[in-house]
Amino acid sequence: MATTPRSGGSAGGGTAQRPNGTSQSKSCQFKLVLLGESAVGKSSLVLRFVKGQFHEYQESTIGAAFLTQTICIEDTVVKFEIWDTAGQERYHSLAPMYYRGAQAAIVVYDIQNQDSFQRAKTWVKELHKQASPNIVIALAGNKADLSNIRVVEYEEAKQYAEENGLLFMETSAKTGMNVNDIFMAIAKKLPKNDGANNQGAGAGRRLNENENNRQTTNCCK
Amino acid sequence: MSSLGGGAASNSIPTISAAVSSSSLASKTSASNSSDALSSSNRQLLTTIQIVQQKFKENENVLSIFEAYQIIGQEHTSRILCLVVSVAGGTYAVFSMAASRLPPRSCSDLTIDKVFPLNESFCMGNDRKGSISQLQFTLKCSDEQPVKYFYYPLSSDNDVVDFDTFQAQVTSAKMSMVLSPSESTALSFAWVNDYRQIGEVKQEMKRREHEYIKYKDFTIYCATYNVNNKSYIDSPLHLWLAASEDAPDIYAIALQELDTSAKAITFSENRPDYMWIMKMLESVHDKGEYEELTSVRLVGMMLTVIVKREIRSSITRHNVKTIARGILNTLGNKGGVAVSLQLNEANLCFVNSHLAAHMGFVEARNEDYHGIVKGLVFDDELRRTINDHDHIFWIGDLNYRIEEPPGLQLPVARSTAHSAEILLKYDQLRQEMRKGNCFEGYTEGPINFRPTYKYDPGTDNYDSSEKQRAPAYCDRILWKGSRITQLAYNSVMDIRQSDHKPVYAVFRVSIKTRDDHLYKKVHEEVLKLLDKRENESQPQIIVEKTIIDFGMVRFNETVVSDFTVSNACPMQVGFEFKRKDPPLNAICEKWLRVEPWKEKLMIDSTKSIRVKLSANVDSITSLLQKIRTTNWKFDFDILILQVENGPHIFITVTGEYKPSCFGLSMETLCRTDRPLCEYDQQQIKDLMNDESPEFRVTMPREFFLLIDYLHKQGPKVEGAFTLDSLEFKHARNVEFNDIRDWLDTWSNNEFPGTPQAAAEALLMLLHLPEKPLLDPYVDDLLKTKTTAEAMELVSLLSSPKRNVFVHLCMFLREGIERKYYNGMHVATIFGRVLLRSTKKSDDYYRDINCREFMQRFISNGEMSTLSSSSSSASSATGSHHNHHRATTPVAKMKNSASNASLSGGSTAAVDSS
Numbered sequence: 000m001a002t003t004p005r006s007g008g009s010a011g012g013g014t015a016q017r018p019n020g021t022s023q024s025k026s027c028q029f030k031l032v033l034l035g036e037s038a039v040g041k042s043s044l045v046l047r048f049v050k051g052q053f054h055e056y057q058e059s060t061i062g063a064a065f066l067t068q069t070i071c072i073e074d075t076v077v078k079f080e081i082w083d084t085a086g087q088e089r090y091h092s093l094a095p096m097y098y099r100g101a102q103a104a105i106v107v108y109d110i111q112n113q114d115s116f117q118r119a120k121t122w123v124k125e126l127h128k129q130a131s132p133n134i135v136i137a138l139a140g141n142k143a144d145l146s147n148i149r150v151v152e153y154e155e156a157k158q159y160a161e162e163n164g165l166l167f168m169e170t171s172a173k174t175g176m177n178v179n180d181i182f183m184a185i186a187k188k189l190p191k192n193d194g195a196n197n198q199g200a201g202a203g204r205r206l207n208e209n210e211n212n213r214q215t216t217n218c219c220k
Numbered sequence: 000m001s002s003l004g005g006g007a008a009s010n011s012i013p014t015i016s017a018a019v020s021s022s023s024l025a026s027k028t029s030a031s032n033s034s035d036a037l038s039s040s041n042r043q044l045l046t047t048i049q050i051v052q053q054k055f056k057e058n059e060n061v062l063s064i065f066e067a068y069q070i071i072g073q074e075h076t077s078r079i080l081c082l083v084v085s086v087a088g089g090t091y092a093v094f095s096m097a098a099s100r101l102p103p104r105s106c107s108d109l110t111i112d113k114v115f116p117l118n119e120s121f122c123m124g125n126d127r128k129g130s131i132s133q134l135q136f137t138l139k140c141s142d143e144q145p146v147k148y149f150y151y152p153l154s155s156d157n158d159v160v161d162f163d164t165f166q167a168q169v170t171s172a173k174m175s176m177v178l179s180p181s182e183s184t185a186l187s188f189a190w191v192n193d194y195r196q197i198g199e200v201k202q203e204m205k206r207r208e209h210e211y212i213k214y215k216d217f218t219i220y221c222a223t224y225n226v227n228n229k230s231y232i233d234s235p236l237h238l239w240l241a242a243s244e245d246a247p248d249i250y251a252i253a254l255q256e257l258d259t260s261a262k263a264i265t266f267s268e269n270r271p272d273y274m275w276i277m278k279m280l281e282s283v284h285d286k287g288e289y290e291e292l293t294s295v296r297l298v299g300m301m302l303t304v305i306v307k308r309e310i311r312s313s314i315t316r317h318n319v320k321t322i323a324r325g326i327l328n329t330l331g332n333k334g335g336v337a338v339s340l341q342l343n344e345a346n347l348c349f350v351n352s353h354l355a356a357h358m359g360f361v362e363a364r365n366e367d368y369h370g371i372v373k374g375l376v377f378d379d380e381l382r383r384t385i386n387d388h389d390h391i392f393w394i395g396d397l398n399y400r401i402e403e404p405p406g407l408q409l410p411v412a413r414s415t416a417h418s419a420e421i422l423l424k425y426d427q428l429r430q431e432m433r434k435g436n437c438f439e440g441y442t443e444g445p446i447n448f449r450p451t452y453k454y455d456p457g458t459d460n461y462d463s464s465e466k467q468r469a470p471a472y473c474d475r476i477l478w479k480g481s482r483i484t485q486l487a488y489n490s491v492m493d494i495r496q497s498d499h500k501p502v503y504a505v506f507r508v509s510i511k512t513r514d515d516h517l518y519k520k521v522h523e524e525v526l527k528l529l530d531k532r533e534n535e536s537q538p539q540i541i542v543e544k545t546i547i548d549f550g551m552v553r554f555n556e557t558v559v560s561d562f563t564v565s566n567a568c569p570m571q572v573g574f575e576f577k578r579k580d581p582p583l584n585a586i587c588e589k590w591l592r593v594e595p596w597k598e599k600l601m602i603d604s605t606k607s608i609r610v611k612l613s614a615n616v617d618s619i620t621s622l623l624q625k626i627r628t629t630n631w632k633f634d635f636d637i638l639i640l641q642v643e644n645g646p647h648i649f650i651t652v653t654g655e656y657k658p659s660c661f662g663l664s665m666e667t668l669c670r671t672d673r674p675l676c677e678y679d680q681q682q683i684k685d686l687m688n689d690e691s692p693e694f695r696v697t698m699p700r701e702f703f704l705l706i707d708y709l710h711k712q713g714p715k716v717e718g719a720f721t722l723d724s725l726e727f728k729h730a731r732n733v734e735f736n737d738i739r740d741w742l743d744t745w746s747n748n749e750f751p752g753t754p755q756a757a758a759e760a761l762l763m764l765l766h767l768p769e770k771p772l773l774d775p776y777v778d779d780l781l782k783t784k785t786t787a788e789a790m791e792l793v794s795l796l797s798s799p800k801r802n803v804f805v806h807l808c809m810f811l812r813e814g815i816e817r818k819y820y821n822g823m824h825v826a827t828i829f830g831r832v833l834l835r836s837t838k839k840s841d842d843y844y845r846d847i848n849c850r851e852f853m854q855r856f857i858s859n860g861e862m863s864t865l866s867s868s869s870s871s872a873s874s875a876t877g878s879h880h881n882h883h884r885a886t887t888p889v890a891k892m893k894n895s896a897s898n899a900s901l902s903g904g905s906t907a908a909v910d911s912s
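Chains as they are written, first to last, in numbering that gives the first Met the number 0: chain A, 0 to 220; chain B, 0 to 912.
Treat the hints with care, as some may be off.
Derived DEER-like restraints, expressed as beta-carbon distance ranges [as the list claims (entries may be wrong)]:
no., chain 1, residue 1, chain 2, residue 2, range
1, B, Thr744, A, Gln52, 52 to 62 angstroms
2, A, Lys128, B, Ser120, 50 to 60 angstroms
3, B, Gln624, A, Lys128, 20 to 30 angstroms
4, A, Glu73, B, Pro235, 42 to 52 angstroms
5, B, Ser120, A, Thr174, 58 to 68 angstroms
6, B, Ser154, A, Lys128, 54 to 64 angstroms
7, A, Gln52, B, Lys599, 24 to 34 angstroms
8, B, Glu535, A, Asp114, 33 to 43 angstroms
Output of the computed footprint for chain A on chain B, the stretches with three or more beta carbons under 8 angstroms from beta carbons of chain A [stated by the list, open to error]:
no., segment
9, 528-534
10, 622-635
11, 643-649
Please keep in mind that the hints were generated in silico from the structure rather than gathered at the bench.
The beta-carbon is built from N, C-alpha and C at its ideal position, and this holds for glycine as well.
Chain A extracted, bound-state conformation:
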């Protein structure tokens, strides 16, 4: 869709080359995976971010759900393909299929549950070892609305995050606190000039290789 400058004229070397009157913004697509112990609120965070909803009794995820959410930051349209994975330990061996190829991960723990924080640390370790080297990892201390009965101290988690180069926020899927913010922070940190990510059906697109015929997927819409 490039313009077609012709000889015989001072070709349009102007700055704002909007092809055919569309947005001049860039468009990126990123695969993001949520990891963390069972019942820390992974699905609730996604539900809050994508649909703005919260269910007090969110069903346990038995599988991996896929949702998309597009946000605009500055001039860039960032489309997240969010894989919400089952947290139960018995499904642990399947996790690599979901974090492989992901450009971002949110590792979630429950601030009232010390074990879930320890589990989050092992997830971070595993991601550092086995996920793509440039993966952007955010640590989310969820259920922050219950901070009066917390067992994981904010400072402790913050320090751990800093030591390990993670984004960190305490979130509440229930109140919505920091939910958009953590996704925004990830979007800001993700490299937006990497050609591989900028094409719609790029590397991040779904796990299954033979899903190219997906109707709703168009490059750089």
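Use these hints to put chain B onto chain A, whose structure you have.
Same frame as chain A, now just chain B:
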């Protein structure tokens, strides 16, 4: 066209108009029908055709819709096809839409996936060669591959027409365009490009354009001058180019007869004349800063677009094109040059044309006009024609003359006394436009100036030469498009170089402009909506259960469980079990079978999936390995049911494995203190992971039981240990499970099978453990040259392995000696079992190597070595039983094995002497 039925085509010509009018009627009636039907529910429900209509713009009408399935390879996906007319262009197209549910409930359920403009190359074929069905047809456009569809003859939706009707309407729509009187102008299909090859975001943004589009006024200054080969020097061009009060935003300046030399004509001079452009830039309005945007030239014609600096960035695209209409339509002395540009959201076109000259050549001028309209196509991504622009300005020396009525004494035009109004009565251009012969849809403002041709150069006097040419309004400026107001239209008498006078016109044009703030808002809404649509359109499957619990699973028994999957969405949906990562690289573990692994579910349908689990000779090794290495609770497997374009559902296959001796290492078996049937999975897992050098017995009881039985069979063992023994034929019979139970219970009953089955059980006992009996010295042993050398390595094996090996060799040796078995065969199969390669790179030579190694141990002359090694082996375990008492190998072995079995919980075998 030829593939279409002639009958249908000829019959349907009159019906297209009917189709057009009846469709609006039809949608109205169906709307009232449905509202009647739903009046009780108090809900305004749109009909399908109304929903489809919402995908299009105001002046694009959906005439009919048809349901079909697009055939893609082996698959077919449902589509809604619709015939749409653009009222403005009078052109038709067929659109193919994917629906996320059927019937669609809102236009957001629909996505346009293909567009077929009914242009010359369009073809709706029903060539059924190789068709899977009579109900198949194809749609084809240009050079693209035909797209295949098929349809069901019945439809539940009242809005959907039947195939014959649809085909007839499409055919007659195409015919109507071919036969329409406006054939002389190029059919414009540009409107369909709004729907083609653009993503959903663009489609949706286009549809909601009215929400963020504002109109912003721009001043556009058009000017034309036939310079008659004269230099611009000293011409007061500012009188021509700066006649407006305010500084215009855009200038389109047209010149003709810049150079009419034969040389210029022959070589189609197309380099813009920069001296002229410089002069133009000097002469434009001094209240603005200007720059040249582009210029285009063909011989004598040049068109230069000059823009105010401050609006330059609002022009996002510009293209130029020329078309020759001189002799044989190849020479550029006549013809047109044009500039196309996009200003904000509007597409503008400026045309400078020099049409055929001379009083009598009216038709030639009309032809030139049509030739330019038809033939001029910009090389942009949409291949726009002149008519594909929102605002068109046609400037130039159109050469239409004033044709004075015969019988008048004095040429009317020459008299300055006559007003332009009278003269224009006889103006050919106005006459031809009235007749509809040219410039259809164009407007020209009132002319309040004298004819601009032909003057004696340097004067304001009309042609005084012999020819005494009649004055004429050759130089004109016309426009087409909405929101254009002419502010001025005049000639300039005081520029006298040429035999023409220059003309200019000033316009105020309301340009479609995007309000960036509103655009951003709508854009975000659209993104949100599309996310929502994408998320909600995900197909859902209901799985009957996500945990399949097989309960107690025993060795060599197959268990089966069925579960159902049901389609929970209003579309056909596919699913398959996802292949796991290497090294498994399959949808499930070795001990499972899942059928079918891939399936399509029609609407409201349910399918049954069968999961079979068998822990048998083929899978027990890896199953036990998984049990041994699983840190968490053990599951047989987790299947990933992957819904096409939807979620993944984990289906856990669980249960408990009931341990058996088969597959357990000699070490593990030597750690047991009771029959295997008394152990559970967890206890066996602990035993498998126990790495202490302490063993409860010297040799597995199960091994001893088999050897003992075989030994007692004497000649009846004949036929055991043949080359096909490793196919484990006995194990594939149910009866074999009695042998399993006999071994796993340390039964005192009679052996429940044949000697051959016992021989196979012995081989299984040795073959099924994760590691071969002689591990980890397999490779080293194969390199040894002498038995003594090998025995040194054997002595390093763990005591259970060492004892089993030594006693096995003695046992086999005796059988061979007594000619119960073929020594070669025994060496071959035991070579394969005991020296099994863990690398899976068994080659022929290795096989021979293994056989030869075994032969050294089981043929004559090696007795003494074995005995001594056995004694060293025994002493190594610290057992004190008396081997020297034994006189034959088997007796001796039996002795030590029985010691082992008797030793019970004690690691130290009891000396039976």
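Query raised in the report: Quick check: the segment 528-534 of chain B, covered by chain A? Criterion 3+ residues, Cβ under 8 angstroms.
Result: holds (count 6)
Query raised in the report: Glu73/A and Pro235/B, beta-carbon distance inside 42 to 52 angstroms?
Result: holds (51 angstroms)
Query raised in the report: Cβ-Cβ distance between Gln624/B and Lys128/A: within 20 to 30 angstroms?
Result: holds (23 angstroms)
Query raised in the report: Could one say that the CB atoms of Glu535/B and Asp114/A fall in the range 33 to 43 angstroms?
Result: holds (35 angstroms)
Query - Satisfaction of the hinted span 24 to 34 angstroms by the C-beta atoms belonging to Gln52/A and Lys599/B - result: At 32 angstroms between Cβs, range holds.
Query raised in the report: the segment 622-635 of chain B covered by chain A? Criterion: 3 or more residues, Cβ-Cβ distance below 8 angstroms.
Result: holds (count 3)
**Report entry** Status of the given 52 to 62 angstroms range, CB of Gln52/A versus CB of Thr744/B
**Finding:** This hint holds: roughly 59 angstroms between Cβ atoms.
Query raised in the report: Taking a Cβ-Cβ distance under 8 angstroms as contact, does the segment 643-649 of chain B have three or more residues in contact with chain A?
Result: Since 7 is at least three, the answer is holds.
Query raised in the report: Could one say that the CB atoms of Lys128/A and Ser120/B fall in the range 50 to 60 angstroms?
Result: Once the Cβ atoms are compared, 57 angstroms apart, the range 50 to 60 angstroms for Ser120/B and Lys128/A holds.
Query raised in the report: Is 54 to 64 angstroms right for how far apart the beta carbons of Ser154/B and Lys128/A are?
Result: holds (57 angstroms)
Query raised in the report: Should the hint that Ser120/B and Thr174/A are 58 to 68 angstroms apart at their CB atoms be regarded as holding?
Result: holds (60 angstroms)
In this structure, none of the earlier numbered hints is contradicted; all agree with it.
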